[in-house]
Amino acid sequence: MSRSRLATGKLVFSRKSRLCAQTHSRVGTEEQLPNATEFIADLARSVGFLSRLPVPDRFFRGHDGTISRAVRAFPVAGLVIAILPALVLLLLQYGDPLLVSLIALALLTLVTGALHEDGLADTADGLGGGRDKDHALLIMKDSRIGAYGVVALVLSFGLRASALSALFRDDAVTAALAVLAVAAVSRAILVAHWRALPSARENGVAASAGFPEDSARNIALFSGAAIALVLLVPVLGLPKVLLSLIMAALAGFGFTRFVRQKLGGHTGDTIGATQQLSEIAMLATLALAA
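In our numbering, the protein residues as written are 1 to 290.
Honestly, the hints are just simulated from the structure, not real lab data.
No experiment lies behind these values; they were computed from the predicted model shown.
It is possible that some hints are incorrect.
[Stated by the list, open to error] Per label pair, the in silico range of CB-to-CB distance: (1) R257 with D214: 37 to 47 Å; (2) E202 with L155: 30 to 40 Å; (3) D132 with L288: 18 to 28 Å; (4) D57 with K133: 34 to 44 Å.
Where is the CB? At the ideal position from N, CA and C, for every residue including glycine.
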């Protein structure tokens with residue numbers, strides 16, 4: 001099994017769902033809940049899937065562990081996950097910009113359990129060192145990190161910390177809002193990558209979590225963009241925010257095309273890497289444009 005925390009998170013999510021289902025009668029899956037309750041349940045499951053934040057067991061009762069529809073709540077889950085790092089930026093607004101930015105990113109990584117960073121490292125090792133598809137997938141399952149993975153992680157933290165510190169230097173509130181917006185948008189683009197490609201492994205953990213529904217993907221993309229516009233346009237203006245959204249989309253969709261050529265499908269690792277790349281692209285664009 002890959003060391004990917006995304007894969008691990010899926011196993012934990014699935015096991016928890018099955019455990020609750022054993023002690024409660026099955027109620028189908030998600031369709032029998034009222035609409036308002038459905039989204040709350042989807043949001044709770046999304047937070048549990050994407051982070052280490054505690055989620056009440058009641059949201060997993062009678063659920064089969066798949067998240068084909070729940071992915072629609074990923075952008076809002078991103079907001080929830082990024083609240084603590086955003087608060088850190090506000091509370092430490094008089095501190096050194098780079099140091100505060102690194103602290104915020106470290107906290108974000110702890111909240112997610114390095115879920116997406118692990119996927120980025122595995123993907124970099126596989127695509128960088130793999131001779132062909134099978135070799136790349138084999139490398140991505142290896143628990144050891146290679147040179148490509150180390151470089152990818154250094155660049156990821158370096159670029160994000162630099163961009164965030166540039167925003168923080170101008171205005172801590174803008175930096176905090178950017179963290180929230182980017183967390184939402186990058187997780188929406190993650191869903192698009194997941195939906196656009198078949199699973200590269202028939203028995204992969206990503207495949208066992210289900211395949212995003214078209215409607216869920218569309219809701220995720222719309223809500224992610226809407227969250228970014230609402231949060232950032234008042235402080236940065238519409239042109240800069242639109243440019244950052246375009247660059248995040250180009251990074252995500254360009255990477256999806258590259259993965260299609262190299263692997264023929266997604267894995268849990270490429271899903272995590274998509275989140276990282278779109279987050280880097282959006283943060284860097286916001287910093288440069290601001």
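How the hints compare with the structure:
1. About 19 Å separates the C-beta atoms of R257 and D214, a value inconsistent with the hinted range of 37 to 47 Å.
2. In this structure the hint that E202 and L155 lie 30 to 40 Å apart at CB holds, the actual value being about 32 Å.
3. Judged by the Cβ atoms, the range 18 to 28 Å given for D132 and L288 is violated: they are separated by roughly 37 Å.
4. Distance hint check for D57 and K133: the Cβ-Cβ separation is about 39 Å, which falls inside the suggested range of 34 to 44 Å.
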